[in-house]
Amino acid sequence: MDILKSEFERSYMSDNQKNARNKKVLYGIIALLGVVIIVLGIYVYNLSNRSKTTIVTAPTKSASSEKASSSTKKYVASKDYKITYSNTNFIDRSTLDKALKNSTGADISYMMDTSEDGGDMAKVEVYYNKDKNLLVERLFKNGYKDNKPTQTVGYDLQKHAMNLDKTFGNDYLNQPLVYTWERLTK
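Numbered as in this note's numbering, the sequence shown ends at 231 without a single skipped number.
Errors might be hidden in some of the hints.
Straight-line distance between alpha carbons at most 16 Å, and here's what the computed EDC-like set of lysine to aspartate or glutamate pairs gives [what the hints assert, rightly or not]:
#	residue 1	residue 2
1	K127	E227
2	K186	E227
3	K193	E170
4	K231	D158
5	K175	D137
6	K124	E227
7	K168	D158
8	K168	D152
9	K193	E227
10	K186	E170
11	K127	D152
12	K143	D201
13	K168	E227
14	K186	E161
15	K127	E170
16	K168	D125
17	K204	D176
18	K175	D201
19	K177	D216
20	K186	D158
21	K186	D162
22	K231	D165
23	K127	D142
24	K175	D216
25	K190	D165
Quick list of simulated restraints, FRET-style, between CB atoms [claimed, not checked]:
#	residue 1	residue 2	range
26	Y130	D176	19 to 25 Å
27	D176	K231	36 to 42 Å
28	K119	G79	38 to 44 Å
29	D162	T133	30 to 36 Å
30	K186	V80	56 to 62 Å
31	D60	I82	28 to 34 Å
32	Y130	N187	19 to 25 Å
33	G73	Y120	55 to 61 Å
34	V80	T230	46 to 52 Å
35	I128	F213	25 to 31 Å
Simulated from the structure, these hints should not be mistaken for laboratory data.
Note that the structure is predicted; figures quoted are calculated from it, not measured.
The beta-carbon is built from N, C-alpha and C at its ideal position, and this holds for glycine as well.
Turn these sequences into a full structure, and let the hints guide you.
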């Protein structure tokens, strides 16, 4: 019977077969593009989630860049360090916290950092001298002895600036201790 088919019928059938083959190729390309889009979507999703994780960076040598960028390493209160507010009737806590932040700009991560350019603190005591409107910070680096501070600095609450004069014992002796920060981990 194939012999009886006209030439038109034969060409018409071959066009249908070509169209069917072209449709299969087109559908294959569309399916392949769909798979590529899904794979790229998963890759981009994983990249965006990866950027949300915490990255611990090495400490920098510059003090100003250390203050400008806070470290992402987190220390846990009562596990790594302890903060005690006392004599809160002399100075309110928000004023004290603001003054401490302004005076050092150092955060907990900096104080805990034992590297050469880190804080390496064991303890910080802050006394409030009401007569001079002065906070006196006694800074104890790790390894201090005999309750002798490594450094003593003053912060003038009225001028919102560090006291550039040398801080003397009479600036904090017999004054109320209002804040203590202590390192608990070694």
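Which numbered hints fail: none
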